[in-house]
Amino acid sequence: MNKFKSLLVGAVVAGLGATSAMAQEKIRIAFIDPLSGPFASTGNQGLSIYRHAVDELVNKRGVLLNGAAEFEIVPFDNKISAKESLIQLQVAIDQGIRFIAQGASSGVANALTDAIKKHNKRNPDSQVIFLNHSAVDPALTNDKCNFWHFRFDANADIKMDALTDDIAGNEDIKKVYIIGQDYSFGKAVAAAAVRFLGEKRPDIEIVGNELHPIGKVKDFTPYARKVIASEADAVITGNWGGDMVGLGKAVMGAGFTKPIYTYYGATSGITANFGDQGDGIVKLAGAGQVNPPLSADAEAFTTSYYEKFPELDLGQPQMANVAPMLAVAINEVGNADDVKAIAYALEGMEYDGILTGKTVMRESDHQAIQTVTVQGQTSEGLTFDYDNSGHGMIAETIVELASADAPTTCKMKRP
Amino acid sequence: MALFLVNILDGLVTGLLLFMLCSGLTLIFSMMGVLNFAHASFYMLGAYFAYQISTITGFWMGLLVAPIIVGVFGAAIERYGLRRVHKYGHVPELIFTFGLALLIEEVIQFFWGKSQMAYSEPEALNFAAFAIAGNSFPAYKVFMIFVAMGLFLTLLYILTKTRIGMTIQAALSYPETVQNLGHNVPLVFMGVFGVGTAMAGLAGVIAGPVLGTFPGMAVQLGSIVFVTIVIGGLGSLWGALVASLIIGWLQTFAAAYNVAMEDILTAVGFTKPENIWDHPLQDLWTLTLPQIGPILPYLLMVFVLVLRPQGLMGKRET
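Chains as they are written, first to last, in the numbering used here: chain A, 258 to 672; chain D, 156 to 473.
Just so you know, these hints were derived from the structure itself, not from any lab.
Every residue, glycine too, gets a C-beta built ideally from N, C-alpha and C.
Hints should not be assumed to be uniformly reliable.
To be verified - Simulated restraints, written as ranges between beta carbons of each label pair:
(1) A/Tyr440 - D/Ile223: 56 to 62 Å
(2) A/Asp429 - D/Leu462: 50 to 56 Å
(3) A/Val331 - D/Ile450: 37 to 43 Å
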């Protein structure tokens, strides 16, 4: 560890030396996500992970074009509106930014991927790449896929695949209750759950499959009563934000002591809210892992993240891959201007993700294939807790290169 | 049947909580003739203050202190804000409270951030009081019922049986006369505003651990509070109670039973179209009761306004 630290310090010092020695080119990445309003905590968390990854894995190491260039993250606030995002996209392009990162909300991602496709077709001189770090609607890498879009997160189907593997392996689970928010993502989660459970464990009975109005339910108690009354052995939900907290607290408060499988049941105050009650109950399927750290490198990276952002959480490990993978692609091309060549370099790239293990940007649909984990909430054996609450998520089932052979309907048209 | 009983109790909790918010608002409205848009924001302030206090001294101190802070703050708002705006008429007052609501939300985000706060029930009440057919009923909710009932009875007693209550009631209807009799009417107004906001604060203190403490909690309850006092009749305490309970049960039962439009339509004699996903009436066919639950209170308000414009128990025409 000490040796590693001194090595790192050495690298940093060398990097700083290189910085002062050369005139640096700034390669900018536009980060378009909600930075104000009700979903700001999601956007700010993502921004912090980007900044940390850029500092620690690219700039300090001086790896971008052999230290001749540095990444700079330029935040744009889209207030989680698709319309606002398109305006910000135009602003970013006008400022000469060629790399667009976005992730909160698949609705926004759908709008951006269409706009970018059109823009690149009409403006071959100022083409841009869309780096999608967390919008998980499967359509983005299936029917709606395009050459300029790269998804770094595991999509909803991949996560559900890992999650249902976990359920299928648990003989105690005979009845499952599916509940989600009434919009495209909630429906996609429910459909995937029904499909995978039907394939893997046809004997499992789906005792509830319902959607509730998104962000409108003040008190989830009546829903919780239905879950209890259905005698379900597990709950699956794609809820996030306030809907996740409300549902989780109500279901556990009504006396449910069996697993609740979630996509977003941690960080941003959720873990702290669940507290002791959530230990051993709340599960989360996601890309990569924070606990236990994958390597000494990963531990150092996470430690310095928490030193820099003690109030935030490294809740989306795959986001740390985006800038470093882009750096590899730019290095391969030798400049940051030939965007098409960079996109080709990203395609099929194999990369050793600091928190996600071996990661491949699948050529056929631009979907990152990486380690997907099913994590469980606990307060024991944690290296890093969430929300400074003493509770956190620890990887229980680890699937390397998850869903590498999952089919895609994508027919990629390459320029 | 067991589930029905559980839902009755859940609806009671929701309704009583709503009542704690509405009682203050309805009094303030009948007094000043202006809707306090910031009322739900005082509820949010109560939850945040109580959370902050609870991190230092535990839940119970927060329960006592937070409503008082909110009440004092509310009284100060009336004395130094609303009273000055009052002379320019109702519209500036309305805009003032609206601006205040936005301001409070921003200030809260500034100090506490945008995440959910880890504000939870006290350890002493963190157990299941009883269970009906496997559905446990948390002791904390029993506590909520008692606090709300206690508040209602106290309020009813003060307003109808004490001298202060008489003065308030008189000041509501005939402020000039009461002033001429030697009572300090502006002080009465300030007091009512302070107590009204303190009750909203108290509602926030006890609702925060259950419904979540986050910057959107005021907006989430804001509109339903107005609906409730309109249904109950502006200025009527009993009306606020009855309307709150009706809405509490309405929302609970709507979410609890999966009555599908499909079943109703087929029962009436229609046949479900083959390819429902391409059908123009797809939305109608796939509708379920939990989905329309959130709009039921508004629907009820429209009916009440049409049939009985003064509200269920309102005394005067507005």
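So, going through the hints one by one against the coordinates:
{"no.": "1", "hint": "A/Tyr440 - D/Ile223: 56 to 62 Å", "in the structure": "violated, 42 Å"}
{"no.": "2", "hint": "A/Asp429 - D/Leu462: 50 to 56 Å", "in the structure": "holds, 54 Å"}
{"no.": "3", "hint": "A/Val331 - D/Ile450: 37 to 43 Å", "in the structure": "holds, 42 Å"}
Hint violations for this structure: number 1 only, all remaining hints satisfied.
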